[in-house]
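Chains as they are written, first to last, in my numbering: chain R, 421 to 688; chain E, 17 to 340.
No lab work stands behind these hints: they were computed from the structure. Predicted, not measured: the structure shown is a model, and the values here were computed from it. Glycine included, every Cβ here is placed at the ideal spot set by N, Cα and C. Not one of these hints is a red herring.
Some chain E residues flagged as far from chain R (calculated, every beta-carbon gap over 10 Å):
#: 1; residue: Phe62
#: 2; residue: Trp63
#: 3; residue: Phe69
#: 4; residue: Lys70
#: 5; residue: Leu73
#: 6; residue: Pro75
#: 7; residue: Leu84
#: 8; residue: Gly88
#: 9; residue: Ser94
#: 10; residue: Ile161
#: 11; residue: Ser167
#: 12; residue: Ile209
#: 13; residue: Asp210
Incomplete in silico selection of chain E near chain R, CB under 8 Å:
#: 14; residue: Val21
#: 15; residue: Val29
#: 16; residue: Pro43
#: 17; residue: Val47
#: 18; residue: Val107
#: 19; residue: Val108
#: 20; residue: Leu123
#: 21; residue: Tyr154
#: 22; residue: Leu190
#: 23; residue: Leu236
#: 24; residue: Tyr245
#: 25; residue: Thr246
#: 26; residue: Val250
#: 27; residue: Ala280
#: 28; residue: Leu292
#: 29; residue: Cys295
Output of the computed footprint for chain R on chain E, the stretches with three or more beta carbons under 8 Å from beta carbons of chain R:
#: 30; segment: 131 to 141
#: 31; segment: 268 to 278
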Amino acid sequence: MHSIPGRRLIMGLFLIFLLLPIYWLVNMSFKTNSEIVSTMTLWPHTPTLQHYKRIFTDESWYSGYINSLEYVVLNTIISISVALPAAYAFSRYRFLGDKHLFFWLLSNRMAPAAVYALPFFNLYSAIGLFDTPWAVALAHCIFNVPLAVWILEGFVSGVPREIDETAFLDGYSFPRFFIKILVPLIASGIGVAAFFCFMFSWVELLLARTLTSVHAKPIAAIMTRTVSAAGMDWGLLAAAGVLTIIPGALVIWFVRNYIARGFALGRV
Amino acid sequence: MDKTVNQKAWFLVLPVFLVVAFSAVLPLMTVVNYSMQDTFGNNQFFWNGVGWFKELLDPSTDLGGRFLASLGRNLFFSMVILAIQVPLGIVVALSMPREGWTVAACLIILALPLLIPWNVVGTIWQIFGRPDIGLLGYVLNAIGIDYNYVSNEVDAWVTVIVMDVWHWTSLVALLCYAGLKSIPDAYYQAAQIDGASRWAVFKAIQLPKMNRVLLIAVLLRFMDSFMIYTEPFVVTGGGPGNSTTFVSIELVKIALGQFDLGKAAALSLVYNLIILIVCWIFYTVMTNAGVERKVQASSEPAAEPKPSAALKPVPALKPKEGVA
Numbered sequence: 421m422h423s424i425p426g427r428r429l430i431m432g433l434f435l436i437f438l439l440l441p442i443y444w445l446v447n448m449s450f451k452t453n454s455e456i457v458s459t460m461t462l463w464p465h466t467p468t469l470q471h472y473k474r475i476f477t478d479e480s481w482y483s484g485y486i487n488s489l490e491y492v493v494l495n496t497i498i499s500i501s502v503a504l505p506a507a508y509a510f511s512r513y514r515f516l517g518d519k520h521l522f523f524w525l526l527s528n529r530m531a532p533a534a535v536y537a538l539p540f541f542n543l544y545s546a547i548g549l550f551d552t553p554w555a556v557a558l559a560h561c562i563f564n565v566p567l568a569v570w571i572l573e574g575f576v577s578g579v580p581r582e583i584d585e586t587a588f589l590d591g592y593s594f595p596r597f598f599i600k601i602l603v604p605l606i607a608s609g610i611g612v613a614a615f616f617c618f619m620f621s622w623v624e625l626l627l628a629r630t631l632t633s634v635h636a637k638p639i640a641a642i643m644t645r646t647v648s649a650a651g652m653d654w655g656l657l658a659a660a661g662v663l664t665i666i667p668g669a670l671v672i673w674f675v676r677n678y679i680a681r682g683f684a685l686g687r688v
Numbered sequence: 017m018d019k020t021v022n023q024k025a026w027f028l029v030l031p032v033f034l035v036v037a038f039s040a041v042l043p044l045m046t047v048v049n050y051s052m053q054d055t056f057g058n059n060q061f062f063w064n065g066v067g068w069f070k071e072l073l074d075p076s077t078d079l080g081g082r083f084l085a086s087l088g089r090n091l092f093f094s095m096v097i098l099a100i101q102v103p104l105g106i107v108v109a110l111s112m113p114r115e116g117w118t119v120a121a122c123l124i125i126l127a128l129p130l131l132i133p134w135n136v137v138g139t140i141w142q143i144f145g146r147p148d149i150g151l152l153g154y155v156l157n158a159i160g161i162d163y164n165y166v167s168n169e170v171d172a173w174v175t176v177i178v179m180d181v182w183h184w185t186s187l188v189a190l191l192c193y194a195g196l197k198s199i200p201d202a203y204y205q206a207a208q209i210d211g212a213s214r215w216a217v218f219k220a221i222q223l224p225k226m227n228r229v230l231l232i233a234v235l236l237r238f239m240d241s242f243m244i245y246t247e248p249f250v251v252t253g254g255g256p257g258n259s260t261t262f263v264s265i266e267l268v269k270i271a272l273g274q275f276d277l278g279k280a281a282a283l284s285l286v287y288n289l290i291i292l293i294v295c296w297i298f299y300t301v302m303t304n305a306g307v308e309r310k311v312q313a314s315s316e317p318a319a320e321p322k323p324s325a326a327l328k329p330v331p332a333l334k335p336k337e338g339v340a
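Full structure from sequences and hints, please.
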């Protein structure tokens, strides 16, 4: 009953609007550059894999993906492991300054990356982490740790308190309770939080680009460089773009019911 | 469920505190420090007091003019995309199929743009809108509309706005859908018995129930669009001229392009302050909503709509005892 007249048409049109630009990118990645520039074709008439082949064989390209994955995975591990105990604390206890701390975390999640670009550059240069995956992984913590805390807090609050109390009565120590009982109970929550940390770190460009120069250059930065320098290798650019969409597209099935929750910091 | 007071909980929070303090407080101190000084390179700094802030808020200076212009553009941009995305998101959420495999399919396609790296979103639209190789630009020009986002300011704006609608409307839709799903069927049955029109159902049942998620959506969209950097940077580079230069783009230009540390830092602080205020509103709304939800859960054994002060359900639509 929660539907409106013409809903199939509206939904259909909107989905086409969403898919068409993506289709165009995929379409271009399979065309030769001469076909892209010379004619307007709705599908590749001479399909080619040359762009993908180039990305997988040219080190300056595929290293970008490896670099990106390195800092994204590092960041996800750091974020989740520090956020788990904090989420439990926020969910179960009141303590001095808890509300202020919670707000402070949120404000960091919302802080514009542009504000931090320059001071991060100075900070990580000073401590010798500039141009390593660690610099980007730590920098991305500023928005991913608060996100993970907020999402996990929601999941921990869903676990009845009686379970904690029973476990402690049974003689579980706190660390043992945490690892043996709580973590398995909120496993799906951890999965969702990890997915969102992965995603937000994966899509961020400004900090990742500012904090790297040669060795840890992320794929996003390599793509922008190619646009400005080499100019018109559209097919290659499109292929690189398609490959960056794949990690998200692979796991989307598993998190489809949590998307709104993740973007709203676990508050829906 | 009352929380117990336990100061030892700080030990559990400490790792988060340290990690975030390291990446937030230290850099912010640097920013505050820089904002009071001027530099002529070579790491020589001169005390400038609140000079940068005065300049920043004075439209007659170069810095102030650039800041206020980009701020104005950014606010206008945020308003436009909110005006489009919120109604469109609601309509899309209401158009979601009810059951079956199409629900999952729609959810997945809706979520797809949200998971694309922001620079690739830029790339997609950069390619899609080009008159020579992009479908959109080509079709528009073919039907006689002179469209070129590289040289025409209006076209650049339209492209950036359509891109943002493409990128983020799904988020509003998914949030609204989550709100709609939480409405019990009994409400609809009652409305049907009372012979309520579709519009009445929307106004009296669906909109009040989406109230909270809509607020979240508006605030999230406002903050994110206020910080937008990557997508317009990739598509238009802030041009043509300065027409799509938003605050973040201006800031990065000053900070990393000109290395004008003092000016950039002052701008950062003012920028951050604006975000902080919106963020505080967001936080208050979230916390109040949380309390309200708990109260509702404990005082409401049956699926009886709780008349809230702001949006009372029309009396005729109240589910009747024994019917629902």
